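We have chain A already, so just place chain B on it with the hints.
Take a look at the letters that make up each chain.
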Amino acid sequence: MAGGQERVLRRRIRSVQATKKITKAMELIAASQISRAQNRISANRPYRAGMARIVVEAARADRAAAAKLLGTPEQVNSVVVLAIVADRGLSGAYNSSVLRATERLVDQLTAGGATVRLFSVGKKAQGYLRFRGYEVERSFIGFSDRPEFSDARAVAAVAAAPFVAGEVDQVLLVSTRYYSAGNQSVATEQLLPLPDPNAGKSEEGDESPNQEKPGLEGYTEFEPEVERLLGELAPRAVESEVFSALLEAAAAFHTAQQRAMAAATENADELVRTLSRIMNRARQDAITTEIMEIVGGAEALRPARGA
Amino acid sequence: MADAFGVEVVTPERALLAGPATAVMLRTSDGNLTVLDGHTPLIGDVVPGEVRVEQEDGTVVHLAVHGGFIQVDTRPGAAEGLAEGTGPIGDLSTKVTVLAGVAELAEEIDVERATRSKETLEGRLSELRGSGSRGGGEAGADEGAEIDLELLDVTTSLDRANLRLEIAGAQQPV
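Residue numbers (my numbering), protein chains in the order written: chain A, 571 to 877; chain B, 2 to 175.
Derived from the structure by calculation, the hints contain no laboratory data.
A quick note: this is a predicted structure, and the numbers were derived from the prediction, not measured.
A portion of the hints provided could be inaccurate.
What the hints assert, rightly or not - Example chain B residues on the side facing chain A (calculated, C-beta under 8 Å, incomplete):
hint, residue
1, Glu9
2, Ala16
3, Thr60
Quick reminder that beta carbons are idealized off the backbone N, C-alpha and C, glycines included.
Just chain B, same shape as in the assembly:
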């Protein structure tokens, strides 16, 4: 069995997960990445998608991460500073930190809510697309910029809802 190392997945609102793990799998802009114990120090970005953390007992925690960063820290004592509330976890020397502005544990995803927001967002999206092409000429530049902004907003929210549904779905036993 692989050796354990410290992992924390934190958002600005709270630490989603902190403790020992044996593997972390995620995707950076350069491709898929699996971090095992003894990985070289690394700092990378995390593209929106699934992050899986394999724990010592073999269970895998699935998380939906909507973009963020990862740091693999191998300095001595790195794992001591693991997210508060968990305390130091032995003499683990490697710490993996996943920072995400928005992220959630797969088991905590509210499927119903995500489905609902997906529907409203899709509706709004087609509305915006429609008005964008129609008002192209007459709408002022300001209005156009506002629509662009909202379009961006709606698209990101929709991406999030889709990712949530995908990951919550993967979690369910088939």
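Chain A extracted, bound-state conformation:
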């Protein structure tokens, strides 16, 4: 009778402890992935900075040619939105905050009269967006944990194609940026046309210090001429931006997952403690009841023997 409740509780405690082992393991794995992801971000930095430097110089040299590829379009009639999330969940609000920002952006653009074409990276984007009635034109999955440059290439090619073909005026990217171990947030950036680095200096956060310096004394030679070079440069610059966004999103994902799993582990501990307390009380109650019964039974027998 009373043992039944105790057994149920014991079973639950065991189940919570098993879950805790899993969350603890996931926490440790995520933690080890964070440092790897961070290393990849810093390994990518020289390339990204070098690419930014070249774009700045080329844009400065031929403003007319640059105007086609750089700057912010005044009138946006159609736009590509690329959302970057993860393939896996169990990472707190990581996926949903990017997807909610995407949803808001799409609604806002649609309300402004623009046609929106959606692309996404990460399995979690499909379900969320499709369920809410947004059509995802193309979705990439399978590399959100460890993006390779070739993945970035594939994504960049697909996301940039409508712009290259002149079908859209703008390509926007929604992803989680990894600023530091303690600071990640969702950001929307313009992928194409390339943000004009010479226009708004404040627009780009972490540029190399070289950029602040005035132009080269004399001039820079270009091989081939700037216009052709910019044409080749733009797709590579987009790839580089997509790659760094993927790297940062991966690092942010692992950080979010580690945090979520640490919280889950802690919660499991708490739950085990509470359940044990209840279980102990139930056991005590059972024992007390049993003693009472024995005493009661003995008490009932005594007068019978005495008589």
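Okay, now just chain B, sitting in the frame of chain A:
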């Protein structure tokens, strides 16, 4: 001996090389280019091929670069921002940056792997060519476009494998 200047060869995944050098030889779409100290500022494209970097002690590092860009930067302090991990390299005023989506050091090329991928790619290529000419009429436009895409993919990969083999071969002592 020629003066040294800062050189970095970087890919999105990592910096392949960063440090002082005395000459960089590569090929742009306008022709072969050798950069020595005191070169004018330059930005150019790098066509797929070999990039050679001559170091201060005279040894030459060979790299396979599968397309990219080069920047010669002569602004004061340019070389200070050399790829992380190497630190500033003295008072060098010129910095040459080679950016490449895909590149590798000749000594790190896996010849066996490149040979193997070359073989599979060549096989796939002839397969694709065959189906392209055969299915010309009946295959839908979509399918044709897909084959074209894969053809492009296979061709670039094959070019890479060939370049790797060529450069790894050049590296070996004769």
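Violated hints, by number in ascending order, as checked against the structure | 3
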